[in-house]
Amino acid sequence: MTKTEKKRPGTLQQRLRALEGELDGIFAATVDGLIIADAHGIIRRFNPSAEKMFGYRADEVVGTKLNQLMTDRDRHQHDGYMQNYLKTGTAHIIGIGREVYGRRRDGTEFPLYLAVGELPEAGNERRFIGILRDISKEKAMESALRVSEQELRLMIESAPIGVVTLGADAGVHYVNAALLRMLGIMADDIKGGLFESWIIPEDREHFRQFCQKILMHRTVAEIDLHLRPPGGELLHVSLHGGLVDAPLRGPMITAHVINRTPQVLAEQEAGAHREALAQVDRLNTLGEMASGIAHEINQPLTAITAYAQAINRMMEQVPALPGEMREALEQMSTQAERAGEIIQRMRGYVRKRAIAYESTDLNECLRSIVKLAKSNVRENECHIHLELNSELPRVTVDGVQIQQVVMNLILNALDAMKVVEPEKRKIVVRTNRPAPDRVQVDVADRGPGLSSTVANVLFTPFVTTKAGGMGLGLPISLSIITAHGGKFWHASNPGGGMCFSFTLPVAMEAVDEAL
Amino acid sequence: MKPSEAAVYVVDDDTSVRQAVCMLLRSVGYRPIPCATAAELLDKLQPEVTGCIILDVRMPGMSGLQLQEHMNKHQLVLPIIFITGHGDVDMAVVAMKEGAFDFLQKPFKDQVLLDSLERALQKDQERRERLKGKFRLMEKLELLTARERNVLDGMVAGKANKVTALDLGVSERTVEAHRARVMEKMQARSLAELVQEMVLLND
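The listed protein sequences derive, respectively, from chains W and P. The opening residue of the first sequence carries number 142 in my numbering; numbering runs sequentially from there. The opening residue of the second sequence carries number 583 in my numbering; numbering runs sequentially from there.
Don't read these hints as lab results, they were simulated from the structure. Wrong hints could be hidden among the right ones.
As the list claims (entries may be wrong) - Below, a list of computed lysine to aspartate or glutamate pairs in the EDC-like style, where the Cα atoms sit at most 16 Å apart:
#, chain 1, residue 1, chain 2, residue 2
1, W, 515, W, 502
2, P, 722, P, 758
3, P, 691, W, 259
4, W, 228, W, 275
5, P, 716, P, 700
6, P, 714, W, 259
7, P, 691, W, 365
8, P, 716, P, 779
9, P, 744, P, 758
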C-alpha cells in the first residue's frame, strides 16, 4: 500500500482526504463491528457491521451513550471501568479482548468477542475503538457440543451394562454406574486401581492377553472372566473390549462388562438337576432291567427246577435207579436253584436304593422339571403348558423320582407328536386334587394317540416303539408311582392325543384338614 | 384227606412253569388243575371242595393280586399261595394283608412249595370242618322253642336255675325241665361241652 501512496500525486490535503476515504472504506467494509467512542462513553462512529449486529442505524446511536449496547449486568460497571482507566491507566480489557454480551435494539442479548484499543488523541479528546465479533454461532456450537458430550457421558454412565475404560497400563480410568453397582463398590474405590485386582488370580493371565490383543493388534476382543470385588460374591462376566485412541491420553481400552452370573448359576443349577435326574434314571433303568431279566429267567428256571424235582420224586419209586443218575437229577435242580439265587442277589443289590421321601410342593417340583424340559425343546417345536392347582397340599414323595416320571412322560409326548405339525404340538401338565386323600398329575399331548396293540404292551419291560429305546420308561414310571402308593394309568385326551395320569397319596394330617 | 381229593389250582400264564409245577404236584399224588389265566380259574373253581390256589402274581389280563381282590369281594374263600418272579416286597405285603396264605419266590425248592401246600390244605380243611360244625349247631338250635332258647342263654351265661326262673317268671322246676330238653335236643353230654359249642358259634 505504501507503494501506491507514493505513486499518488496531489497535495497533503488531497492525500489526507484520500487516506480518510481509505479509512472510511476499511471502517465500512470490516466484517467485525467497529465502534469508536470518546472518554465519556459517547458513541462517535458505528460501522455497518455494528449496525447489523445491534439492529441500530449509525445515525440513531452516534452521540448517545455506549452503555445502551450493553446488558444490564455490564452497563452499570462500564462507566466505572472507564473512570478507572482514565485515572490509573490500567485497563482490564484494552489490548486483551474478552467475551461479553451485547444488547440489540430489540432487547435480545448475544455473545460477542470484544477487543478495545485506544486511538491516538485527536486534539484533547481521547478516543477508544471497540472491535466486536458476534460469536453466537460459535457459542451455540460449543454449547451443543457440551450438551452432546454430556448426553454421551450420561448415556454411558446410566447404560444398563457395565462400561470400563482402562489405560494402556490397565489402570482404571472410568467405571460407569452399572459396573459400580455390579461390583458393589463406590466411585472413589476405583481411583488409581487396577482392574486386574478384581479378577480372580487364575484368570489374570488370560485378561492380560486380552488387553495385549486389543492394544497390539488394534482389534476388538472378548473374554469371560470371574471377578471377585472386595467383599463381594464371585461374578461371572463377559468383557467385549475395543481400542479408543484418546486425543491426549493415547490408546485406551474401553470394554462392556456383562454380568452373566444369574445365567451361569441357573445353567449350573440346571446342569446339576439334569445330572441328578440322569443318575436316578441310570439306577432306575438298571433296577428295572435287573427286575425284567430276573423275571424272564426265573420263569424257565422255575420250570427246570420243578421238572427236575418231579422226575426226582417219580424216580423214588424205582428202586433200581443207578445212584449216579439220581445224583445228576438232584444236581440239576440244585444248580437251577443256585442260578435263581444269583439273580435274586443281583436284584437285591440294585434295589437297595431307597426312596428318599420328603415333604414336597408338587407344583414347584413340576415347575422346575418343566423348566428343564423346556430348555431341551425349542420354543417353536412345542408348547409346554402348566395348569397347576394352587390349592394342592404338600405330598411326601421322592421329588427327583416324581420328576423322572414326568420327564419321561414329556419326552414320550414329544416323541409321539413328531408326526404332528409343530404349531399343533402342545403338552399340558396339570395338577388336581380329585379326592381329599390324593393328588393327581396329568400329562396330556396332542399326538396321534395309541393303537390298542401298543396300549396293551405299554408297561411290558423291553417292549418299545422307539428305534433307540430300551422299553423301560413306562415300566419304571409305573414302578415309581406304585412304590409311592399311587396309581398310574392312561386314557385318550378328549381333544385328541393321549393323557397319562398318576395319583400320589396325601398325608393323613392334610386329609384331616381338608375334611 | 388224601392229596388226590384236594382241588389244587395252578394258575400261571407261562406254559412251561404251569406244566412243570403240575408235574411236580402229580409226582406226589395231587391232581392239579392247570389254569392259564385268572378267568380260566374262576371258570374251573369248585368252592365247595377243599383246595388251594397256586397263583402267579404277574399275568396279562387279571393279575394275581386282582384275582385275590375279586375272590375276597365275592367271598370265594380258598387259601392262595402266590408265586412270583419279581420278589417284590411291597407286593408281598399287599398280598399277605389281603389274606394270602404264602408268598414264594421263583424258582422255589419243591419241599417248600409242598410243605406250604400241605399246610394250606389242612387249614382249608379245618375251616370247612369248623363251618360244618357251626351249621350242625345252628340246625340243632332251630329245634329249640323260644322258652328253651331263653333257658339255654341262661345256661351259657352261667346263671343258676333259680336266677333264670326269676328272670323268666317261672318256677325253678319248670326251668329244670326245659334244661333237660335243651341238653337232649342239643345232643350235649355235659354243660361244659354245650357252652364250648356255643362259644364256637360266635367265633
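Now the hints, each set against the structure:
1. 515(W) x 502(W): violated, 20 Å
2. 722(P) x 758(P): Violated - the C-alpha atoms of residue 758(P) and residue 722(P) are around 19 Å apart, more than 16 Å.
3. 691(P) x 259(W): violated, 135 Å
4. 228(W) x 275(W): Violated: residue 228(W) and residue 275(W) sit about 30 Å apart, past 16 Å.
5. 716(P) x 700(P): violated, 24 Å
6. 714(P) x 259(W): violated, 150 Å
7. 691(P) x 365(W): The hint is violated at about 67 Å.
8. 716(P) x 779(P): Holds, at roughly 8 Å.
9. 744(P) x 758(P): The hint holds at about 9 Å.
When each numbered hint is compared with the structure, violations occur for hints 1, 2, 3, 4, 5, 6 and 7.
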